[in-house]
Amino acid sequence: MARLATIHTLSAPAAVASGVDSIPTPHARGELTRIALVGNPNSGKSSLFNQLTGLNQKVGNFPGVTVDRKTGISQLTPQHRAEIIDLPGTYSLYPKSLDEKVITDLLYDRESAQYPDFVVVTVDASNLRRNLLLFTQLADLGLPAVLALNMMDVAEQHGVHIDTAELQQELGVPVIPMNARKGIGVAALKIVMAQHLDAPTVSFYEPAEELLPMIRQIRYYFNLHNDYLALHYAHQFRHISFLTPDQRQYVQELVEQYGFEPTARQAQETIARYARINEILLNAVSVTRTERNEPYSNKLDKILTHRVWGYLIFFGVLFMMFQAVFAWASYPMDLIDQGIALINSLIQTNFNGPLINLLTEGVIAGLGGVLIFIPQIALLFAFIAVLEETGYMARVTFMMDRIMRKFGLNGKSVVPLISGVACAVPAIMSARTIEHWKDRIITIFVTPLMSCSARIPVYTVLTALVVPDEKVLGFFNLQGVVLMGLYLLGFLSAIFSALALKFLLKTQERSYFIMEFPVYRWPRWKNVGITIVEKVKTFVFQAGKVIVAISVILWVLASYGPGDALDKAEQQARVIAAQQQLSPEETDNRIASEKLENSYAGLFGRTLEPAIRPLGFDWKIGIALITSFAAREVFVGTISTIYSVGQDADMRTVQQKLAAEKDENGQPFFTPARAFSLLVFYVFAMQCMSTLAVVYRETKGWKWPLMQLVYMTGLAYVSSLIVYQVFK
Amino acid sequence: MAIRSTTAAPTTQRSVKDLRLGESGTICCLQDPEMALKLLEMGCIPGTQVRLNSRAPLGCPITLVLGDEDYTLSLRVSEAATILLKN
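Chains as they are written, first to last, in my numbering: chain U, 308 to 1035; chain E, 33 to 119.
One chain only, chain U, in its complex shape (with noise of 0.2 angstroms):
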């Protein structure tokens, strides 16, 4: 440390500005420093990104793929800010999940505006030997770098010595001991980060000499730096984003030629690269065994992975979050939905006019329709987050593994499939952690099955309907039971979809699960807090975007009608209620229905109605079906708009007017078999923009979304009608 700081002071940012370095640093030129951060997951490397950064973060898209490309500026030193790119965590610079090509496709275009200049590479100073594996690769690529020496704590404790001084000799690089976890050795390095770097002076590796004819063509052909990079070129042609097609040729001819293996040139590679990492730990760490009693890891998971224990704490688990997600969220939401109400009615009796009504019933109400949301997002993510940080996740794909693969899954579909239950749109962006493409898509494909929260208004209101609220076997609720039902229903469609696709989809490529078993550990807050933050901020500006132009585009088709058939509507309504003799207020909700009735929506749900009417849905619920395509939760909305419930009506009323509802023949429209036939539908059917959009980025085509919708449809369709005409 000490040593760090002696070399350092010479370049300090002022000697580097005025001009003692032969090329300007990106600071002296008055841009933003670029510096990537790079590292094996568990590595520290979320926790250094946050210490760097703080809240000052900002979470985007690489260009063409979705994985999130989290930024952040840091304020490196009073004169100096620098812009931090968190790259995916990954084990080497040879990708193989959808997250890990986003690094290689980083590093490996010299030109693109995104080259950092230089990485910072975190290792766990625990497990320094399978770390330093990446480090030494990026090493070899050229680019300046710096070591962050992370969980020094942790190697201490399992006797680990680290001679700084000696790893630093060797490696060629700045090496800053630190915690991240606590924040030591931040300021350091963040002076480190400061100075102008150049690229390492030791060399790892060297590829075999039989390979340099074709490495040497490759990079002359690309004008590339150096040996390494022309290497990887030649490993991984097909992923790299930015290649033409030309070029990929070119490279693909020039490995078929020279007979290029590359499994095997990868193996040797590692190996070797392994051979030279044991040296250079040989000179800079020694261990000394200490005692030590068996790890409390170990301890906890003789419980928490027991055969019985393990899964009831799990299903506690799964418990707590659904109480969480569906009754605790339940207070803030209300305070939401009274707010916007509020803030609609005070709008509404101020002010007048089509754009005021485009106002408070298009926009405000569709930004309404996304904020409700973010408690339960918040609340789930929360979960979620600790079940990361303290490494319970991990246990759980353990466990749950080997039955999700007799369903054509992985143990880590488990963390979309539960996600699912409160919005497909995080969950299918969280099963990008699958790196089997099979094992993904199938995912991806069933997790919409899942009942999201959005599905619950429709759930309460058609089962308050038609279930009588009384209590079975003496404690259990009749509607609590009935819900109960419809959850497992979406779980069971679920699970055997995924059976049916394990069978129907082929692939050459293997499913894994290798991964690293981390130790248990307290959740650092500040990194769920981050997270939650950031996962609100996705939502409310990716998703958000979609359901409030989307809630302005039904409101337009609600609100208008061809010609002057809405006029008509209302004159007509007026002569009725004048006959009739109604209070001024039914008077203005039989016009909100007739006006309804004669839309361009309204249109809609009339020719809808040949289609649905097997299914006992009447013109009315076709409308309802085409809103809430938007977002299932509309539903409620457009059907209390339509039996003519003033907009702000509760729950209560809603069902009371569909209570009143007659058929031709006079009796309740809302029969048992009409309700259960739809809320089968909504159980199966792909109501939802969002999810088709996400998946559309996830899987990058529209194949899978619209195969999801015709296959979420048609099932939904068809349950449909066995139930309506079994129970009619």
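Keep in mind the hints are simulated off the structure, nothing from the lab. Ideal placement from N, C-alpha and C gives every residue a C-beta, glycine not left out. Be careful, since some hints might not be right.
[What the hints assert, rightly or not] Straight-line Cα separation of at most 20 angstroms, SDA-like style, residue types lysine to any residue; simulated pairs: (1) U:K813 with E:E66; (2) U:K609 with E:R52; (3) U:K609 with E:E55; (4) E:K118 with U:A582; (5) U:K606 with E:L53; (6) U:K745 with E:L53; (7) U:K606 with E:D64; (8) U:K609 with E:R83; (9) U:K609 with E:R108; (10) U:K408 with E:E66; (11) U:K606 with E:E66; (12) U:K609 with E:G54; (13) E:K49 with U:Y819; (14) U:K713 with E:D64; (15) U:K606 with E:S110; (16) U:K713 with E:R52; (17) U:K609 with E:C92; (18) U:K713 with E:G99; (19) U:K852 with E:E66; (20) U:K403 with E:D64; (21) U:K609 with E:L90.
[To be verified] Derived Cβ-Cβ restraints for the label pairs, each shown as a range: (22) E:D50 with U:R572: 29 to 39 angstroms; (23) U:T508 with E:L90: 46 to 56 angstroms; (24) U:K713 with E:T58: 54 to 64 angstroms.
Since the structure of chain U is already known, use the hints to place chain E on it.
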């Protein structure tokens, strides 16, 4: 070369799959070339000591402790079967 083709593997050799709970062995070689890449990256290098640490409730996957560092890896039994042990 530590990667051995599938055909050359003698059937008598023990693999990590055959370890008893708590038993240790030394990695000799990796049988499956493609899987080997992932295993090598994760630290399963020939010559490393490996101990069977635990099994999932249904018998699979399992966890291994690698080397003298406290590093735990989890993998499926079928994957463990490709890691052969020195006799």
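Just pull the numbers of the violated hints for me, sorted ascending.
6, 7, 11, 14, 15, 16, 18, 19, 24
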